[in-house]
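Enquirer: Sequence:
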Amino acid sequence: MPASPRSLLIYKPDGTTQVTELVKPLIKIGRGEENDVILEDRMRTISRFHAQISFENGPPVLEDLKSSNGTYLNDQPLVEPGPLHPDDVIRIGKYLMIYRDPAAAEQAQSEASSPFQIQSASVELNELQERATLLGLAQDKALAEKALAETSIGLRALELLHEVGVRLARTVTVTDVVETAVDLLFKIEGVQRATLMPWNEADSAFAAGEVYTRQGPQTEQGGPPATYDPRNLVLSKTILHKVRADNRPLLIHDARSHAGFTESASIVRAGIQAALCSPLTFQGRFLGILYADNLAQPDAFSQGDFRTFTTIAAQTGLALATAITRAELLKQQVEQAAMRLYLPPQVADIITQTDGSIELGGVLQPVTVLFADIRGFTRLSEQMDAREVVLLLNDFFTAMTDVVFEARGTLDKYIGDCVMALFGAPVPGEDDAERGLKAGLRMQEEVSRLNAERRSKGLQEIQIGVGLHTGAAVVGNIGSAQRMQYTAIGDTVNVASRVMSNAAPGHVVVSEDFRAALGDKATFAHLGEVELKGRQRRMNLYSVSAK
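Quick note: the sequence shown uses the working numbering, first residue 3, plus one each step.
Treat the hints as calculated values from the structure; they're not laboratory data.
Among the hints, erroneous ones may be present.
Said to hold, decoys possible - Keeping only pairs whose Cα atoms sit at most 25 Å apart, straight-line, the calculated DMTMM-like set for lysine to aspartate or glutamate is:
id: 1; residue 1: Lys26; residue 2: Glu65
id: 2; residue 1: Lys96; residue 2: Asp16
id: 3; residue 1: Lys96; residue 2: Glu35
id: 4; residue 1: Lys14; residue 2: Glu65
id: 5; residue 1: Lys459; residue 2: Asp404
id: 6; residue 1: Lys523; residue 2: Glu447
id: 7; residue 1: Lys459; residue 2: Glu447
id: 8; residue 1: Lys14; residue 2: Asp77
id: 9; residue 1: Lys14; residue 2: Glu35
id: 10; residue 1: Lys30; residue 2: Glu65
id: 11; residue 1: Lys14; residue 2: Asp43
id: 12; residue 1: Lys415; residue 2: Asp493
id: 13; residue 1: Lys189; residue 2: Asp301
id: 14; residue 1: Lys415; residue 2: Glu432
id: 15; residue 1: Lys14; residue 2: Glu36
id: 16; residue 1: Lys415; residue 2: Glu436
id: 17; residue 1: Lys68; residue 2: Asp38
id: 18; residue 1: Lys333; residue 2: Asp178
id: 19; residue 1: Lys30; residue 2: Glu58
id: 20; residue 1: Lys440; residue 2: Glu408
id: 21; residue 1: Lys440; residue 2: Asp493
id: 22; residue 1: Lys30; residue 2: Glu82
id: 23; residue 1: Lys189; residue 2: Asp178
id: 24; residue 1: Lys459; residue 2: Glu384
id: 25; residue 1: Lys30; residue 2: Glu42
id: 26; residue 1: Lys523; residue 2: Glu408
id: 27; residue 1: Lys440; residue 2: Glu463
id: 28; residue 1: Lys523; residue 2: Glu436
id: 29; residue 1: Lys333; residue 2: Glu212
id: 30; residue 1: Lys415; residue 2: Glu447
id: 31; residue 1: Lys440; residue 2: Asp404
id: 32; residue 1: Lys189; residue 2: Asp307
id: 33; residue 1: Lys96; residue 2: Glu65
id: 34; residue 1: Lys14; residue 2: Asp178
id: 35; residue 1: Lys535; residue 2: Glu514
id: 36; residue 1: Lys30; residue 2: Asp43
id: 37; residue 1: Lys523; residue 2: Glu448
id: 38; residue 1: Lys333; residue 2: Glu181
With the sequences and hints as input, model every part of the structure.
Expert: Quick look at the structure:
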């Protein structure tokens with residue numbers, strides 16, 4: 003498998019992130035649109051051409067281009083061009099960028115001469131989570147104590163596990179989990195700072211998380227030293243590789259003095275003396291990192307503290323998995339509800355079933371096309387103010403859409419005061435024409451109902467004409483990668499529109515092809531051969547009513 007390209011993980015001032023691949027030998031960074039990495043800055047604190055990264059022989063080189071406010075590398079002002087290593091942090095204005103080079107990081111990892119001199123927890127997280135689930139179901143306290151004793155954790159952990167479980171069980175959102183987990187971490191006396199950084203599967207990166215102190219989140223006005231950035235630690239391959247590979251919490255004592263960490267610049271920059279770090283997982287899914295540290299004492303954390311941290315990490319993984327699942331389900335429900343406001347149920351179901359992986363393209367298939375249009379709308383709207391026109395259209399479109407969906411049709415689009423619907427898309431059926439006619443007749447009935455309401459309010463009545471035509475059309479997702487629409491295109495659509503233009507107010511008019519497709523399921527009144535705009539051949543049209 004080819005290595006992932008070099009990239010910058012960019013944390014924007016608005017809290018969003020962006021991943022930019024670095025594929026050119028020279029990458030320009032700045033405010034100007036000519037740059038490869040454009041940093042939007044209305045205050046102009048970032049120069050038009052602020053910095054650049056060059057890739058030649060050896061490690062890439064970061065250079066400040068005599069910018070007004072400077073470029074910072076790992077929180078140090080960049081005075082001269084300097085080498086750029088994986089996980090190095092670049093700061094320009096309010097933008098934070100982390101340099102990522104998976105190939106270089108993997109090579110550095112494989113060349114490490116000594117094993118990591120850190121301590122792993124004796125109990126795997128998934129085992130502790132299973133115990134926690136068992137304990138939650140156990141009615142007998144003695145049985146619960148016996149279950150925990152099998153993990154060599156003991157009564158103190160049982161009491162803590164109960165508190166941790168109760169508090170985290172009350173969490174609902176990911177934010178709730180983060181705040182509760184951090185608060186529980188501060189029960190460990192030596193913890194000075196703590197953070198939880200969820201893993202973003204879409205970006206294959208950690209989401210930015212707040213760094214909490216005992217006084218609250220880290221801010222520019224107070225908290226940890228400015229040289230500390232938790233991303234330097236949790237994104238360090240030195241720690242992340244072992245955390246994820248072992249799936250166990252880690253206890254790190256005086257990291258700067260261990261031989262295994264002497265070449266890990268990110269840990270040295272962080273200035274930690276002792277740290278607790280754990281993956282957050284559930285049923286094999288990696289969810290993030292839970293981290294706590296102490297800047298002053300190399301032996302700030304005892305074995306008891308480590309067991310406490312392990313317990314918190316196991317339960318946090320359970321709670322985080324539940325919160326993420328809840329959020330994903332809620333998002334799906336909201337998206338499906340939103341899709342059904344704009345898409346027909348059949349299309350919304352297809353999107354849901356394919357996890358949204360819809361591609362551009364279409365298929366040629368038979369379809370019945372319906373157009374319904376308010377007659378004399380231009381003249382009518384001239385006698386109304388804009389608000390009245392909007393209210394009228396909303397009432398009209400709501401009623402017509404309900405009719406289309408009742409007939410299992412696909413609402414294609416609204417065109418001014420006109421409704422376009424499809425029958426037989428996305429899946430053709432033998433009764434497409436019959437359902438189309440049913441919708442057309444029901445539309446006229448709904449307009450009569452609307453008019454009764456409008457008369458009672460002293461409002462002007464409306465009349466519509468409905469046209470139906472059956473034929474082959476290209477049906478599918480048409481548009482661009484940025485915006486697409488499920489629709490039908492082709493001569494069949496054009497003919498249906500022309501048929502509707504010949505429908506008198508209150509009438510449903512159909513083409514010869516539609517009549518043939520419908521058979522004897524309606525009564526037809528021949529309107530004669532009509533010349534349709536844009537077509538050389540005249541076409542037989544029929545006014546139709548239900549039998």
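Enquirer: Does each hint fit the structure? Answer for all of them.
Expert: Each hint tested on the structure:
Taking the CA atoms of lysine 26 and glutamate 65, the gap is near 16 Å; set against the 25 Å cutoff, the hint holds. Between lysine 96 and aspartate 16 the CA atoms are separated by roughly 9 Å; this keeps the pair inside 25 Å, and the hint holds. Straight-line distance between C-alpha atoms of lysine 96 and glutamate 35 comes to about 18 Å, which keeps the hinted pair within the 25 Å bound. The suggested pairing of lysine 14 with glutamate 65 holds, with an alpha-carbon distance near 21 Å, which does not exceed 25 Å.
Simply put, lysine 459 and aspartate 404 have alpha-carbon atoms about 23 Å apart, close enough for the 25 Å limit, and the pair holds. Distance check on the hinted pair: lysine 523 and glutamate 447 sit about 19 Å apart at the alpha-carbon level, within 25 Å; holds. This hinted pair checks out: lysine 459 and glutamate 447 have alpha carbons roughly 19 Å apart, not beyond 25 Å. Simply put, lysine 14 and aspartate 77 have alpha-carbon atoms about 17 Å apart, close enough for the 25 Å limit, and the pair holds.
Simply put, lysine 14 and glutamate 35 have alpha-carbon atoms about 17 Å apart, close enough for the 25 Å limit, and the pair holds. For the suggested pair lysine 30 and glutamate 65, the alpha carbons sit about 10 Å apart, so the restraint of at most 25 Å is met. Distance hint between lysine 14 and aspartate 43 is fulfilled; the C-alpha atoms sit about 11 Å from each other, no more than 25 Å. For the given pair, lysine 415 sits about 17 Å from aspartate 493 by alpha-carbon distance, which is consistent with the 25 Å threshold.
Taking the CA atoms of lysine 189 and aspartate 301, the gap is near 17 Å; set against the 25 Å cutoff, the hint holds. Taking the CA atoms of lysine 415 and glutamate 432, the gap is near 24 Å; set against the 25 Å cutoff, the hint holds. With a C-alpha separation of about 19 Å, the suggested pair lysine 14 and glutamate 36 falls inside the 25 Å cut-off, and the hint holds. Under the criterion of a C-alpha separation no larger than 25 Å, the hint pairing lysine 415 with glutamate 436 is consistent with the structure, at around 21 Å.
Taking the CA atoms of lysine 68 and aspartate 38, the gap is about 18 Å. The hint holds against a cut of 25 Å. Simply put, lysine 333 and aspartate 178 have alpha-carbon atoms about 17 Å apart, close enough for the 25 Å limit, and the pair holds. Taken as a hint, the lysine 30 and glutamate 58 pair is honoured in the structure, with Cα atoms around 15 Å apart against an allowance of 25 Å. Only pairs whose Cα atoms come within 25 Å are accepted, and lysine 440 paired with glutamate 408 is accepted, the gap being roughly 10 Å.
Restraint check: the Cα-Cα separation between lysine 440 and aspartate 493 comes to about 23 Å, which is no more than 25 Å; the hinted pair holds. Between lysine 30 and glutamate 82 the alpha-carbon distance is near 17 Å, which keeps this suggested pair within the 25 Å criterion. Taking the CA atoms of lysine 189 and aspartate 178, the gap is near 17 Å; set against the 25 Å cutoff, the hint holds. The suggested pairing of lysine 459 with glutamate 384 holds, with an alpha-carbon distance near 19 Å, which does not exceed 25 Å.
Our distance criterion of 25 Å between C-alpha atoms is met by lysine 30 and glutamate 42, whose separation comes to about 14 Å. Between the alpha carbons of lysine 523 and glutamate 408 the distance comes to roughly 19 Å, so the proposed pair stays at or under 25 Å and holds. Restraint check for lysine 440 and glutamate 463: the C-alpha separation of about 23 Å stays at or below 25 Å, so the hint holds. The straight-line distance between the Cα atoms of lysine 523 and glutamate 436 is roughly 8 Å, inside the 25 Å bound, and the hint therefore holds.
Note on lysine 333 and glutamate 212: the hinted pairing holds, with a Cα-Cα distance of about 24 Å set against a maximum of 25 Å. A distance of roughly 21 Å separates the Cα atoms of lysine 415 and glutamate 447; the hinted pair therefore holds under the 25 Å criterion. With a C-alpha separation of about 13 Å, the suggested pair lysine 440 and aspartate 404 falls inside the 25 Å cut-off, and the hint holds. Our distance criterion of 25 Å between C-alpha atoms is met by lysine 189 and aspartate 307, whose separation comes to about 9 Å.
With a CA separation close to 18 Å, the supplied pair lysine 96 and glutamate 65 stays within the 25 Å bound. A threshold of 25 Å between alpha carbons decides the hint, and for lysine 14 with aspartate 178 the separation of about 24 Å falls inside it, so the pair holds. Proximity of lysine 535 to glutamate 514 is assessed by CA-CA distance (about 16 Å); at most 25 Å being required, the pair is judged to hold. For the suggested pair lysine 30 and aspartate 43, the alpha carbons sit about 16 Å apart, so the restraint of at most 25 Å is met.
A distance of roughly 22 Å separates the Cα atoms of lysine 523 and glutamate 448; the hinted pair therefore holds under the 25 Å criterion. At roughly 22 Å between alpha-carbon atoms, lysine 333 and glutamate 181 fall within 25 Å of each other, so this suggested pair holds.
Checked against the numbered hints given earlier, the structure satisfies every one of them.
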